[in-house]
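So the chains spell out like this:
Protein chains: 2
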Amino acid sequence: MDLKSYLKDMQELVDKYLDKYLPDTSELPRSIHESMRYSVFAGGKRVRPILLLAACEAVGGEIRTAMPAACAMEMIHTYSLIHDDLPAMDNDDFRRGKPTNHKVFGEACAILAGDALLTEAFILLSNPDLSKGIPPATLLEVIHEIGVCAGSRGMIGGQVVDMESEGRKEIDLATVQYIHTHKTGALIKAALKCGALIGGGDAGMVNAVTRYGEAVGLAFQIADDILDIEGTTEQIGKDAGSDQARGKATYPAVMGLAESKRRASELVDVAIEALAGFGEKADPLREIAYYIVKRKS
Amino acid sequence: MDLKSYLKDMQELVDKYLDKYLPDTSELPRSIHESMRYSVFAGGKRVRPILLLAACEAVGGEIRTAMPAACAMEMIHTYSLIHDDLPAMDNDDFRRGKPTNHKVFGEACAILAGDALLTEAFILLSNPDLSKGIPPATLLEVIHEIGVCAGSRGMIGGQVVDMESEGRKEIDLATVQYIHTHKTGALIKAALKCGALIGGGDAGMVNAVTRYGEAVGLAFQIADDILDIEGTTEQIGKDAGSDQARGKATYPAVMGLAESKRRASELVDVAIEALAGFGEKADPLREIAYYIVKRKS
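So the protein lines, in turn, are chains C and G. 1 is the number of the first residue of the first sequence in the working numbering; add one for each residue after it. 1 is the number of the first residue of the second sequence in the working numbering; add one for each residue after it.
These aren't lab readings, by the way, just hints derived from the structure by calculation. Since we're looking at a predicted model, the values are computed, not measured. C-beta atoms are modelled at their ideal positions from N, C-alpha and C, and glycine is treated no differently. Possibly wrong hints are sitting among the right ones.
What the hints assert, rightly or not - Simulated coverage check for chain C against chain G, where a stretch passes if three residues somewhere in it have a Cβ under 8 Å from a Cβ of chain G: (1) 29 to 39; (2) 112 to 125; (3) 133 to 145; (4) 158 to 168; (5) 253 to 262.
What the hints assert, rightly or not - Short, incomplete list of chain G residues facing chain C, as computed with Cβ under 7 Å: (6) Ile-32; (7) Ala-88; (8) Ile-111; (9) Ile-123; (10) Val-160; (11) Leu-275.
Excised from the complex, chain C in its bound form (with noise of 0.2 Å):
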């Protein structure tokens, strides 16, 4: 297959159906919606949601079912995204190379932009009119999942411990791994569960894509922190070596951009494995698994 295509017209299919579930700007008040339109097409490569869609497809299930899924997924990730980059956290002026929220629409803005795009991704999940094809029983597991995995004890808690380990000298491979797990894998996890559920995977299906996901949710942050090394500035979209220059919590700074490699490319294999069983709907997860670690940005 060809992944690139397939990533391409998928992408191009989430953006769409991002345009059509967010709040129009015509809607009052203008200024919120302007702002959650502005971070969630600032040109984000659609990883969750893509994966939720292939996983969906993996098991044999209809994509546009998991449609709303796959964007609800997204809008937490730019939620996530905008909070991040407020001055009292990371204080960042640009992301993927734009001015970041908080420089183009206030401080005050960018708070409520990323709490109205958290509230959005459960009021999509819990639509009566976009989920007729999902049992309410399954929906319901999906959002607890989604919930759970966004929060204190997943992405939010991923987020606090990066933040408290900033800057300090000792950082150790456990508290490394806890902070990937958490702030970026654990949605990356959910987003090929709730794919599986949504797609009406069985419980094998849906215990083996979840496997795959927790393995590529770490390769996935394993690879940007190499990124973050040997990328040039323009690929990345974000001043390279920023990790290192901030005193990061990174698997390169524990274990070596060797080992760091090695590493990545052991999960990549675990979670091929993973998906074994499965026959060739499976193929666009299997090539984004082996995607992530040759990416370039």
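Using the hints provided, position chain G relative to the given structure of chain C.
Coordinates of chain G only, in the frame set by chain C:
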């Protein structure tokens, strides 16, 4: 009935369940869970949870079934207060006589604690172990209603317009009404409607209780505006007259004190009228409506 002891009993019950449902401070990362609990247990009156439970009772439901939704409402209310108090927003150092969350835990932690409480509300609402008595489709309707009322077209929208109006010389009644029906009214309406849904009320009952909620929600906010002028600093736990000093959009500012009082008491009549078809199980809702315009704190 003795409203005072009813409110006290309900408040204690809600506090007990909030304590049970919130992540323990022994759970990692500890700082975020301490911060979440700090604000939840900073002395709220539990108005929204009590209204939700009373609505559930009014339609013949069992209040224990509605406990997760009641506590979820309080988590959402608390998150909104934490974020409203931030330096970039209202910049308040005290709330209910205690230092605000960011004064104790720092701004970054306060932003994340708010995010985590909002997320926790949806985790709680979709928890399969706590919702056995509620049909999944009803629970999805509850989640959707709470999301819509808390989001950019509800509570957050009200906060946006409130901020944008602050300090403006001429604020019209339509703007004040928009702010009040959205910023406070939406969540109160949601509490009533969701209590009735969880309690198993039929469509007519749910509509009647929702109409009560709309009237009481607005009356509650007008009463709050009046209290800000007539109450002492000790009674209301913040500086008396602070709305006026900030040029906040309030009812008394637009239509005067006497007319605001008349309007609040008219809304209480509308609320009582909406419950005309209900028996004595709706007495707590009736008593609460009368109490709202008479309260001193």
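Okay, the hints, checked on the actual structure:
1. 29 to 39: holds (count 5)
2. 112 to 125: Satisfied; 10 residues make the cut.
3. 133 to 145: holds (count 8)
4. 158 to 168: With 5 residues close enough to chain G, the hint holds.
5. 253 to 262: violated (count 0)
6. Ile-32: 5 Å, holds
7. Ala-88: 4 Å, holds
8. Ile-111: Where the cut-off is 7 Å and the nearest Cβ of chain C is about 6 Å from Ile-111 (chain G), the hint holds.
9. Ile-123: 4 Å, holds
10. Val-160: Given a least distance of 4 Å, the restraint on Val-160 (chain G) holds.
11. Leu-275: 27 Å, violated
Checked against the numbered hints given earlier, the structure breaks hints 5, 11 and satisfies all the rest.
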